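Okay, here's what each chain looks like letter by letter:
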Amino acid sequence: MSHLLRRAGFGASKAESDRYQAMGLKSTIDELVNFTSVNDDEAVALANRIDVNGGNVGAPVIWWLTRIANTKRPLQEKMTFFWHGLLTSQVSVVKDPAAMVTQNEFFRSNAFASFGDILKGVTKDPAMMVYLDIAGSVRAAPNENYARELMELFSLGVGNFSEQDVREAARAFTGWRIPRQRGDNGRPTLLEPVFTPRLYDNGAKTFFGKTGAFGPDDIVSIIVEQPASAKFITRRLFSYFVYPNPEDEELAPFVDVYQKNGRSIGAVVEALLRSDVFYSPRAYRAIVKSPVEYAIGAIKALGLQAEIGKLLFAAPAGGRRDGGSLGSMGQTPLEPPNVAGWPGGASWLNSSTLFARLNLLNSLTAGGTTDRGRRANPAAQPSQETGTANQAMGHYLPLVLDNNLPGEATQVLIDYAGGADVALTAERLRGLVYLILGAPQYHLA
Amino acid sequence: MITRRDFLKGGLAAVSVGLGVPSVFAKAAAAAMAENSAGSGRTLVIVQLAGGVDGLNTVIPYADSAYRDARPALAIPQQDMLVVDDHAAFHPSLASLKKLFDAGKVAVVEGVGYPDPTFSHFKAMDIWQSADPKGAARDGWLGRYFEGLTDLGGHPLAGLSVGSRLPSAFESSTATIPAVASLDTFALQQAANDKSRSTSLIRLYDVYKPAGSAFAALLDTTLNTALESSTALKAAGAAYEPAVEYPDSSLASGLRLIAELVDSGGEGSPLRVGHVTLGGFDTHTQQAQTLSDLLKDTSDALDAFWRDIEAHGHGDDVLVMTWSEFGRRVQENAQDGTDHGSAGPMFLMGNGVKGGFHGGPPSLRNLDNGNLRYTVDFRSVYATLLESWLEVSPEQVLGSHFDRLDLIAG
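Chains as they are written, first to last, in the numbering used here: chain A, 1 to 445; chain B, 1 to 410.
Calculated directly from the structure, the hints in this document are not laboratory data. This structure is a prediction, so every number in the text was calculated from the model and none was measured. Do not take every clue at face value.
To be verified - Calculated from the model, a selection of chain A residues having no Cβ within reach of chain B, i.e. all distances over 12 Å:
(1) 24
(2) 105
(3) 145
(4) 197
(5) 225
(6) 266
(7) 278
(8) 328
(9) 363
(10) 440
Said to hold, decoys possible - Cross-link-like lysine to aspartate or glutamate pairs, in silico, DMTMM-like; alpha carbons within 20 Å at most:
(11) B:195 to A:163
(12) B:98 to B:368
(13) B:209 to A:163
(14) B:134 to A:163
(15) B:98 to B:85
Even for Gly, the Cβ is constructed at its ideal location relative to N, Cα and C.
Take these sequences, add in the hints, and give me the full structure.
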């Protein structure tokens with residue numbers, strides 16, 4: 001169950017964990033995949049206290065993290081992150097935080113749609129149009145940026161298209177511009193995209209062996225008809241939810257589900273979550289948690305999810321351009337390093353990011369300074385329902401380490417506490433919780 | 001004999017009680033230096049200019065009218081460019097670099113690329129960092145270099161990458177190179193009056209050895225490397241006085257950190273390879289201002305670094321190399337920008353380089369689908385530096401033979 005909640009969500013609070021345990025695995029999956037029938041007003045209201053239209057670059061990040069940490073639809077948020085990591089835009093390039101929220105809501109409401117519809121939608125998304133230069137591309141000199149990344153990074157992969165395909169597709173993405181206007185907050189905001197027929201190349205294009213006066217939707221339709229695209233997106237989903245780099249044979253049943261269900265993303269994800277391979281030993285702790293998963297999991301385990309903005313940014317609603325603690329860990333949401341998104345896997349772990357992970361735990365459990373020298377919220381301390389090391393471990397080990405800690409490691413914790421049944425001082429308790437969350441296993445989903 | 005782990009624990013404990021440079025560290029470092037016999041005692045500093053630098057507006061082939069024909073909006077006006085000789089000029093933002101060039105301390109290798117170039121940033125970066133245009137190599141060329149050094153357990157900072165992500169050039173299955181985003185935050189925060197929390201944490205990583213986990217060893221060595229290098233960097237930083245004021249830019253502060261390390265070894269620098277990245281060169285639109293700002297950042301940071309290095313007496317032992325994953329399309333696009341292209345120039349800087357132009361300027365008239373044809377394989381530059389600067393076998397690192405260039409003096 002904890003494995004499922006790590007993969008199909010961002011970990012769980014004690015209350016959530018107890019509730020899902022009582023429901024059992026099957027009903028939990030039913031609820032996770034049918035997320036539209038779950039009322040999520042509370043999380044939405046909590047997030048909407050943050051003004052995302054104020055022009056503050058960090059505000060949309062806190063808005064989103066607040067939703068992720070408090071949602072009753074964890075799989076929908078997990079899919080929203082999937083799409084953000086695949087169909088990337090960077091707020092620093094788009095330069096309109098509100099447009100990033102629009103894109104984020106598109107990913108959320110289309111989280112389980114068909115792959116073709118998602119690609120068609122994102123092609124018309126203003127933030128994407130600015131990010132990859134659809135906006136401003138004209139018939140006389142088509143900009144190839146979107147056409148290339150659409151095929152290379154979003155849908156097919158290197159080697160599955162030609163330079164000719166890039167040049168032809170780029171012609172279909174011409175004719176659009178997006179005016180900017182200074183908004184009420186004094187910052188330029190993106191207006192509705194404007195199409196100018198005279199700047200659009202309406203001529204015949206030859207794309208993957210077909211010839212026609214193709215427009216943007218036609219290009220996407222032809223792309224998703226390519227078998228390479230079915231494998232590409234299924235592989236990405238498998239690697240995101242189960243384990244990285246599956247063999248073709250392991251992938252095949254899910255490619256089949258994809259093809260037989262109108263290229264539905266939801267159908268593939270549901271099949272993955274119900275599959276044997278998802279619960280196989282090879283999948284267990286086989287993924288390195290992203291910084292967002294690492295931080296939110298810890299915050300939820302500590303029951304502090306309502307205050308996430310303060311905890312990660314030392315600022316309740318303002319946010320910071322540098323991404324606060326998450327930036328030091330290597331992942332500022334809405335600001336992937338480049339159009340390929342975060343590479344993930346072992347690349348999450350290096351000297352700097354490991355310090356940042358452990359130092360976040362220090363600030364969460366010990367109320368110390370945050371990584372950039374600001375005071376963490378002094379209320380950020382583990383709950384006090386625990387008296388001895390045994391009781392503390394009884395609370396936290398099932399919640400964050402699947403109650404699956406080898407004896408040698410358990411002994412390290414007991415030694416630190418000074419004995420299993422010794423009453424802990426508040427300071428030792430915090431230290432013990434730091435060690436449980438700081439354990440090497442906790443880096444892995 | 002001080003083991004790696006004794007050193008780690010000694011260093012950590014000493015820092016947590018604030019004793020400054022612990023003697024155990026000094027001994028371990030000295031032992032490591034003595035054992036670290038492979039390699040030259042010299043430092044290679046690699047500056048990655050990410051995004052694809054427009055080489056034609058950086059080292060400008062102004063004498064060829066084809067340049068102006070291809071760049072009606074973006075060509076640098078003749079009166080602004082810094083003319084070097086009768087074939088090329090530098091971008092106006094490269095004034096400080098031009099001075100170093102005029103002093104014979106900068107080499108420009110023109111037309112650097114490789115066969116069948118890719119136009120994907122990521123593929124191209126992989127190719128440059130793995131030194132394998134087929135993309136089959138799983139590790140980086142610098143990772144392979146470090147694997148070949150005799151003493152991997154020696155000084156923790158034989159390699160250093162500035163930035164929160166480790167470039168894939170350093171990837172290796174056995175050698176772990178630290179990545180440092182900023183010196184202020186590069187430390188494990190201790191619990192007040194509670195040293196045992198950190199020692200317990202280290203034990204948890206020590207005893208984590210699940211069968212079949214791809215990540216257990218990575219987690220343990222990453223923690224070790226982080227703690228060791230944090231101790232060493234603190235010591236280096238505390239002892240260092242920069243001789244110049246560095247510009248306020250991320251590239252400059254990265255180079256400053258490298259200068260500290262270069263100077264930290266007493267007899268000789270412990271650092272073999274340092275890596276720092278400046279991004280943003282992907283100028284599809286409104287290129288003129290962006291490129292001008294970025295090149296000025298680059299030039300001024302390199303200039304400050306070089307004056308600092310020379311003032312500390314390391315000018316003969318440090319060599320800087322810049323690279324970018326590709327140049328840009330010869331013909332500008334309709335948005336006052338340029339699209340992905342192929343070959344571009346590399347800069348080398350140091351007392352040890354043979355200043356001036358190397359390689360050959362690529363033709364603006366004999367193009368490959370609108371792109372420059374390369375004149376020098378980047379692996380020839382690597383091979384030259386590996387052999388003549390770092391003094392290791394290029395064939396061992398690169399897997400096959402590449403012609404050497406006449407880039408290194410003496």
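Going through the hints against the structure:
| no. | hint | result |
| --- | --- | --- |
| 1 | 24 | holds (27 Å) |
| 2 | 105 | holds (26 Å) |
| 3 | 145 | violated (5 Å) |
| 4 | 197 | holds (17 Å) |
| 5 | 225 | holds (23 Å) |
| 6 | 266 | holds (29 Å) |
| 7 | 278 | holds (17 Å) |
| 8 | 328 | violated (6 Å) |
| 9 | 363 | violated (8 Å) |
| 10 | 440 | violated (4 Å) |
| 11 | B:195 to A:163 | violated (59 Å) |
| 12 | B:98 to B:368 | violated (31 Å) |
| 13 | B:209 to A:163 | violated (47 Å) |
| 14 | B:134 to A:163 | holds (17 Å) |
| 15 | B:98 to B:85 | holds (12 Å) |
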